[in-house]
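Asks: Read off the chains here:
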Amino acid sequence: MTKWPAAFARFWYQFLVGDTPELAIGVALIVGASWALSRTVGAAPFWFGPVAVVALLSVSLRRGASRRGG
Amino acid sequence: MTGTLLVALAVFGACAVEMVEALTIVLAAGLTRGWRSALEGAAVAVICLAVVVAALGPSLIHYVPLDVLRTVVGGLLLVLGLQWLRKALLRASGFVAKKDEDVIYHREVERLSKVPRTNSGRDAVGFAISFKGVLLEGTEVVMIVLTLGLSSGHLAVASLAALAAVIVVGAVGVAVSRQLREVPENTMKLGVGLMLVSFGTFWGGEGVGVHWPGADLSLLWLLAGYVALSWVATRILNHARPSSSVAEAR
Chain A
5 MTKWPAAFAR
15 FWYQFLVGDT
25 PELAIGVALI
35 VGASWALSRT
45 VGAAPFWFGP
55 VAVVALLSVS
65 LRRGASRRGG
Chain B
1187 MTGTLLVALA
1197 VFGACAVEMV
1207 EALTIVLAAG
1217 LTRGWRSALE
1227 GAAVAVICLA
1237 VVVAALGPSL
1247 IHYVPLDVLR
1257 TVVGGLLLVL
1267 GLQWLRKALL
1277 RASGFVAKKD
1287 EDVIYHREVE
1297 RLSKVPRTNS
1307 GRDAVGFAIS
1317 FKGVLLEGTE
1327 VVMIVLTLGL
1337 SSGHLAVASL
1347 AALAAVIVVG
1357 AVGVAVSRQL
1367 REVPENTMKL
1377 GVGLMLVSFG
1387 TFWGGEGVGV
1397 HWPGADLSLL
1407 WLLAGYVALS
1417 WVATRILNHA
1427 RPSSSVAEAR
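Protein chains in written order, with this note's numbering: chain A, 5 to 74; chain B, 1187 to 1436.
Heads up, a few of these hints could be off.
A few chain B residues that face chain A, going by a derived Cβ cut-off under 10 Å, partial list only [unchecked claim]: (1) L1268; (2) Q1269; (3) L1275; (4) L1322; (5) T1325; (6) V1383; (7) F1388; (8) G1390; (9) G1391; (10) V1396; (11) W1398; (12) S1404; (13) G1411.
For the record, the hints were derived by calculation from the structure and aren't laboratory data. Using N, Cα and C, we set each Cβ at its ideal position, and we do this for glycine too.
Turn these sequences into a full structure, and let the hints steer you where they fit.
Replies: In structure tokens:
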């Protein structure tokens, strides 16, 4: 009975983080930085999100390729 | 209109991809443990998933401010979309093995055939395997239906698109039975990943007050930009991969 919360948490961790923690952390940083910009300078410039996403995907692909490329 | 159509396409594509994976499990359970138990397990799982959407959808709209909802939803869509896009690009360039539903199907059939059957009534193993397979694959679809549906204000459209995918893939699955390897799963995953990342960027930005040039039409240039990026990334990865390291299908 005490095991299901742990199993539930493990399921969601695997679902959202899994073997790509850099994506979960990166997205949290992008959203956080956009929110911080909206509080300080009014709003984040529209190009900030797409550029940050492209950079994040590039880092993650590089990590994935170097792990599997041998 | 553009946003609504893209929402419907993204949900349909995501649901179709997950349905192909669920169908592999249901077919294996049906052929080895009996169709009645397998279909009942799948039907109960679909009902559970529909109840989750019906229960969570309206309450989230009523109790969570739209900007907060869009920021959280944008983040979730970005995580899911980037995971799909990354996997599809690494598979397309040979760094990760492509999924072969036929291999998975035969593995499941072999595993299920070894478990002894009860003589009468419903087969608990067939029911459980089918239920679990559909429920687990469907969880991602529920997330996508809820996030895309709530942010766009078109929860009904998103739900109907998911239902349409269930019907279409189910019907095609019955027709082609075990020829699931013919489904271009990786291409579908790439397309859906691109749409999820575009929506995630757009709504995540809207939630924190970004003013997109062209409003909803920004979704189109975001999508075009990410498509171009994926094309470039695939070419770079193809050049970077040593010729001897093409991953085998699994």
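Asks: With reference to the structure, classify each hint as holding or not holding.
Replies: Here's how the hints hold up against the structure:
1. Annotation: L1268 of chain B was flagged as interfacial toward chain A, and the flag holds, the nearest CB pair being 5 Å apart, inside 10 Å.
2. The closest approach between the C-beta of Q1269 of chain B and any C-beta of chain A is roughly 6 Å, which is under the 10 Å cut-off, so the hint is satisfied.
3. Of the supplied interface hints, the one on L1275 of chain B holds, with its beta-carbon coming within about 6 Å of a beta-carbon of chain A, less than 10 Å.
4. Interface hint status for L1322 of chain B: upheld, as the beta-carbon distance to the closest one in chain A is roughly 9 Å, under 10 Å.
5. Given hint, T1325 of chain B at the interface with chain A, holds; its Cβ is 7 Å from that chain's nearest Cβ, closer than 10 Å.
6. Interface restraint check for V1383 of chain B: the shortest CB-CB distance to chain A comes to about 6 Å, inside 10 Å, so the restraint holds.
7. At about 8 Å, the closest approach between the beta carbon of F1388 of chain B and any beta carbon in chain A falls short of 10 Å, and the interface hint on this residue holds.
8. Because the beta carbon of G1390 of chain B sits about 6 Å from the nearest beta carbon in chain A, less than 10 Å, this interface hint is met.
9. A hinted interface residue such as G1391 of chain B counts as satisfied when its beta carbon comes closer than 10 Å to some beta carbon of chain A; here the least separation is about 5 Å, so the hint holds.
10. For V1396 of chain B, the interface hint holds, since its Cβ comes within 10 Å of a Cβ in chain A; the closest pair sits about 5 Å apart.
11. Given the 10 Å rule on beta carbons, the hint for W1398 of chain B holds: about 6 Å separates it from the nearest Cβ of chain A.
12. Of the supplied interface hints, the one on S1404 of chain B holds, with its beta-carbon coming within about 8 Å of a beta-carbon of chain A, less than 10 Å.
13. Restraint check, G1411 of chain B versus chain A: the minimum CB separation of about 6 Å is within 10 Å; hint holds.
When each numbered hint is compared with the structure, no violation occurs for any of them.
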